[in-house]
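Engineer: Based on the provided sequences and hints, a complete structural model is requested.
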Amino acid sequence: MIENAQQSAITTVNTVLVLRNWLLGMRISTENMSGTRAERYGEHIISELSEELTRKYGKGFDKRSLYRYVQFYQTYPEIVGTVTPQSSEYATIDKNRKILTWSHYERLLLAGNGKT
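Following my numbering, the numbering of the sequence shown begins with 1 at its first residue and continues without gaps.
Please keep in mind that the hints were generated in silico from the structure rather than gathered at the bench.
Where is the CB? At the ideal position from N, CA and C, for every residue including glycine.
Careful, some of the hints might be misleading.
[As the list claims (entries may be wrong)] Derived CB-CB ranges, DEER-like:
#1 Gln7 <-> Lys56: 23 to 33 Å
#2 Pro77 <-> Leu110: 15 to 25 Å
#3 Ser47 <-> Asn4: 38 to 48 Å
#4 Ala5 <-> Thr54: 25 to 35 Å
#5 His44 <-> Thr12: 10 to 20 Å
#6 Glu51 <-> Ser103: 38 to 48 Å
[Claimed, not checked] Below, in silico cross-link-like pairs of lysine to aspartate or glutamate (DMTMM-like), each with a Cα-Cα straight-line distance of 25 Å or less:
#7 Lys56 <-> Glu31
#8 Lys63 <-> Glu43
#9 Lys59 <-> Glu48
#10 Lys63 <-> Glu106
Structural biologist: In structure tokens form, the structure reads like this:
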């Protein structure tokens with residue numbers, strides 16, 4: 001019983017972390033980095049967002065991480081499915097779908113870039 005509860009808690013935390021990172025990537029990608037906006041403008045937005053999120057929530061929101069979240073969203077758009085920015089706070093991941101931990105997705109993203 002205790003082991004099952006602990007495993008359930010770990011799985012829930014991992015799933016929420018993956019969902020959070022995917023949603024941040026979606027939001028940054030669709031609101032700040034899309035269309036004809038200049039790359040420098042996008043970098044400025046990422047820098048400001050990184051500072052704001054770090055100030056408010058602590059570590060895990062440096063510029064490199066935010067770019068990784070965008071890459072994650074663009075590489076794995078099917079993880080959450082079709083989510084609009086208006087409904088993103090209510091997004092869920094299908095409970096029947098097996099999901100990796102965030103560190104596994106990070107490794108896959110690095111491997112996809114030719115980095116290991």
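Engineer: Starting from Lys56, check that the Cα of Glu31 is at most 25 Å away, please.
Structural biologist: The given pair, whose Cα atoms are some 20 Å apart, holds under the 25 Å limit.
Engineer: Between Glu51 and Ser103, is the Cβ distance one that fits in 38 to 48 Å?
Structural biologist: violated (25 Å)
Engineer: Does the beta carbon distance between Gln7 and Lys56 stay inside 23 to 33 Å, or does it fall outside?
Structural biologist: holds (31 Å)
Engineer: Below or equal to 25 Å on CA atoms is what counts here, so check Lys63 against Glu43.
Structural biologist: OK: Lys63 and Glu43 at ~9 Å, within 25 Å.
Engineer: Could you check the hint for me, namely that Ala5 and Thr54 are 25 to 35 Å apart, CB to CB?
Structural biologist: Check passed, 32 Å falls within 25 to 35 Å.
Engineer: With 38 to 48 Å as the target window, see if Ser47 and Asn4 comply at their CB atoms.
Structural biologist: holds (44 Å)
Engineer: So if I understand the rule, the pair passes when the alpha-carbon distance is 25 Å or less; does Lys63 with Glu106 pass?
Structural biologist: holds (15 Å)
Engineer: Could you see if the CB distance from His44 to Thr12 stays within 10 to 20 Å?
Structural biologist: Violated, at about 35 Å.
Engineer: Within a Cα-Cα threshold of 25 Å, do Lys59 and Glu48 meet the stated pairing?
Structural biologist: Cα-Cα ~15 Å, so holds.
Engineer: Evaluate the given range 15 to 25 Å for the C-beta pair formed by Pro77 and Leu110.
Structural biologist: 19 Å Cβ-Cβ, so the 15 to 25 Å window holds.
Hint check: violations occur at hints 5 and 6; the rest are consistent with the structure.
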